[in-house]
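S.K.: So you can see what is in the structure, the chains are spelled out below.
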Amino acid sequence: MNKKLFRTGGLVALLLIATFTGGCVQAPQPLQEPLPVYIAEVNMAQGITAFQYSNYGLAQQKFLNALAIYRGIDDPDGLVRACINLSETLLSQDRTKEAVTFLDMARYITERENFSQYPARIDIVASSIAIAENRLQDALTILNKYLRPVAPEGTENEIIAAALQNMVYLAFLSEDIAVEPWIERYARSLKETENVSPSSLARLYRFQGMLLQSQGSSEKSDGYFADALKIYRETLSRGSIAATHTEWARALIEQNRLQVAEDRLKRALAVRTEMRDRNGCLEVLQLLLEVRIRRGDKAGEEEVRQWLAEVSNPASISWPGILNF
Amino acid sequence: MKNPKNNPDSHYIHRMPYSFQERVVGTFILLAMIILLGLLLATGKTKYLFEDRITLYGVLPSAQGISQDNTIRVAGIEGGYISSIDISPQNEVIVTMRIFKRFHRLLREDSVASIRSHSLFGGASGGIELTAGSPDKPLLQDQAKIAILAGFSMDELTTTIERTLRDVQQTIAELSAIVTALHPERFSSAVEDMGRFAGNLQEISGRLAGGGGLLGAAIYNDALQKDFQEGISSLWRMTKEMEARLRQLEPALEGTEGLSGSIQQTLENFPALIKELKQTVVQVNSMLMVLDSEVQQLPDLVARVRLLIDDSDRTLRAAQRIWPLSRGISKSTEQPYLITPQPAHE
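The listed protein sequences derive, respectively, from chains A and B.
Going by this note's numbering, the first residue of the first sequence is number 1, and it counts up by one from there.
Going by this note's numbering, the first residue of the second sequence is number 1001, and it counts up by one from there.
Calculated from the structure, these hints are not laboratory results.
Chain A regions said to be covered by chain B (calculated; three or more residues, Cβ under 8 angstroms): (1) 45–57; (2) 121–135; (3) 155–162.
Note that CB positions come from ideal geometry on N, CA and C, so glycine has one too.
Given only the sequences and the hints, what does the whole structure look like? Please build it.
M.R.: And the structure:
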């Protein structure tokens, strides 16, 4: 009987506490997204994942799906984000003209809707496109806005880091800009950043490797390239792996270490072929041709020329056979 | 409007720092969550908190299909639960069953305990089923032992299907043997020979009908002897021809003998085969009906899961905004679903 009483009392006490404390947790619940927005966001998320794994074809398809949905519900914010993502994806495939089309669309909607969070982001893509099209002065004009001693108010660290990366690369391409101060500034900005992304750090190593190479310190530069490669392999950034191999090969060609350079180029070519990146393959093949000419390898030179002709032809479907090199 | 922080008449809580207020709210919420969790955990046990119970011990060779979470149904009504499963020194499985006292009067000495089978998609849970006994039999006493019959398990179902399929396979193989025994070339040769034989007979009957035979000649022809000789020689030739034809027919007849033997043997097995096939079809049919009813539940199940996930999502998002979780989880500063800025030449 006592046991029963105890049980009843305990249960009543629990219920009373739950009732009184329950009043404290009554807060408005976050609203669920409407279904079309949810589907569009799923497409965007899938596209970003595909982009991160360098699957640009799939990423493009997903962003186009999202764009169509955002258009259908007249969602300007979603439209801008989809356009920026598409522009980045197309730029990664060296399809700069199409990238510009989507970026212009993003810019137009941003200005029309007076969005404050997107202009800087659009500018960074615009600077990357300008560099890809070798319009260095245009790129410099855009980047200067974010690299003044005091950046525009509200500029995120991410934007400044991207602007610095583009600036350093621009400095390497331009003969009039000193590279070293920009690399130092980039390194400083990374030190000041709380959570440095692996890709930002790897990018710094690549810049340092390229700088040391240009200064003749080939051994040290090899170390930096190797560190960058290690990070990219861990994060499975295929485009960056290929780019690092190519940059490293350029450095090795300058040192006249042709055999090692050829090995790096073949590895870069394998990655670019796997990515079905025709322009990337052409860039690597050009370097490989240079290596074989310098090595006096006539048969090898002819072989590379054949592959260059094959890959240059947009209708060719046999070029993935390049992997049998 | 006056700021409540600076107003001495306002409630003291408004003069507390925001973080303190946040903690007070968080403490209450945590407390509520702990209590709710406790209640949730206790629900199963407290459902029949005030029920008086008796204990029965079930004995069975294997505990497959039951667990401590399972309920016990008495005459189809939830009437108890399994409190423990133990192994006896004789390596038998002993299931301790707590039966609510109000069902006790249903449990008689002829009551049967069996394991309820699991459905394919978990539509019905496993457990033990106790049948109501005859009212004229004595009651099962508290602490009594009862044998539990093993239920129809998925393994058995699979075995039955396998056996059924084997039967179907065997039937098909035997039918195939019958068809194989019917050699089409032999059959066609026999038919051809029979055709020739029939032709010859027709020729003879024709001659007789036309008065060209022995009987006709005996009546109408004067040169009977000559005709008779010719007739004899014709008969001789015909006999020879028939002999040759019969020799040709011999292998065909032998083949027919074997064929008829095989057909006879197969026909003897046929009723049994048909019976097995019929049983198989009935089994497969009932199995498909079970499957069909289970599959019909799937869309509903998916819809319910979706609702559950949505609810969980809402709960988790709300929980993230409450102290202390709001402190631990940093607010995302990233633009939603936007690629991080990519540097040139990647």
